[in-house]
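Below, each chain spelled out in residue letters.
Protein chains: 2
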Amino acid sequence: MSSFDSTAHIEGVIITPLRIIGDDRGAVLHMLRSDSEGFLGFGECYFSEIIPGAIKAWKKHMIQNQNLTVPVGRIKLVVFDNREHSRTKGNLLILEIGRPDSYVRITLPAGLWYGFQCISEVPALLVNCADLPHSKEEGLTMDLKNNLIPFSWEK
Amino acid sequence: MSSFDSTAHIEGVIITPLRIIGDDRGAVLHMLRSDSEGFLGFGECYFSEIIPGAIKAWKKHMIQNQNLTVPVGRIKLVVFDNREHSRTKGNLLILEIGRPDSYVRITLPAGLWYGFQCISEVPALLVNCADLPHSKEEGLTMDLKNNLIPFSWEK
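As given, the protein sequences belong to chains A and B, one line each in that order.
For the first sequence, our numbering gives the first residue as 1, with consecutive numbering after it.
For the second sequence, our numbering gives the first residue as 1, with consecutive numbering after it.
Bound-form chain A, shown alone (with noise of 0.2 Å):
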């Protein structure tokens, strides 16, 4: 399998397609339920903008796990598993996730390394539940440019 093949796995990724219901007033979407897999708890909920083409990344939490959906534009989201112990180490996750064809939740587990680009023409808009707050001490960062990440964006 291709570090770069967008249908790799990584142990603990859940990526879970999450119900539109129409309306002609504007859709109610859901997000995440107490009693949906993927669900540790509630820490907290906050949102990341990202403006057509700009690039956030790369970040890893230490201990915080997330569940991420995109109500608002779309994103490529890349995750890539560098955990000493994982069974998926050295696996490369491409998204697009974004209405109406890929709406979904992913439940992003501690310790993964992640990025995201806006690739619509409308900001969107991240949707973070996570298990515990914001914290500065638990939250990694690093160059766009790197020598661990088998990922070029591309702007």
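The set of hints was computed from the structure by calculation and includes no laboratory data.
Here the structure is a predicted model, which is why all the values come from computation and not from measurement.
Cβ atoms here follow ideal geometry from the backbone N, Cα and C, with glycine treated the same way.
Reference listing, derived: stretches of chain B covered by chain A, where coverage requires no fewer than 3 residues with Cβ under 8 Å from a Cβ of chain A:
hint, region
1, 25-38
2, 49-59
3, 125-133
Dock chain B against the given chain A, drawing on the hints supplied.
Here is chain B on its own, set in the frame of chain A:
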């Protein structure tokens, strides 16, 4: 105090200004933490999109408490207190919510009638972090035009 005074107070409703953390690539927007005022537990997070001019009203939850934000677009939110034992029974709260000047979290306790209209040129996104998962049994609806709520929506 006029029932139409937008500064009218309704018992239990909390309006919390939220932080927008600017970034050339797109802002990070706070929503809710487990230690936030108004957090009563996590049941479900979902989104309600409203297209420009559209109205979603009226609704009431019997037991679900909500935390609402509008990260995209702008809405008019109208809340009516018809709770029998409320000290603010009869009050109407009219709020315009949206970035950048009115990016707030509205804590909306159970038992209040509410509705909202998109007043921006782009579809608005309402995010709800509620303390209970959605259940048809505890939600009531009422027609836009009714004899109870002293407010007329303008299309």
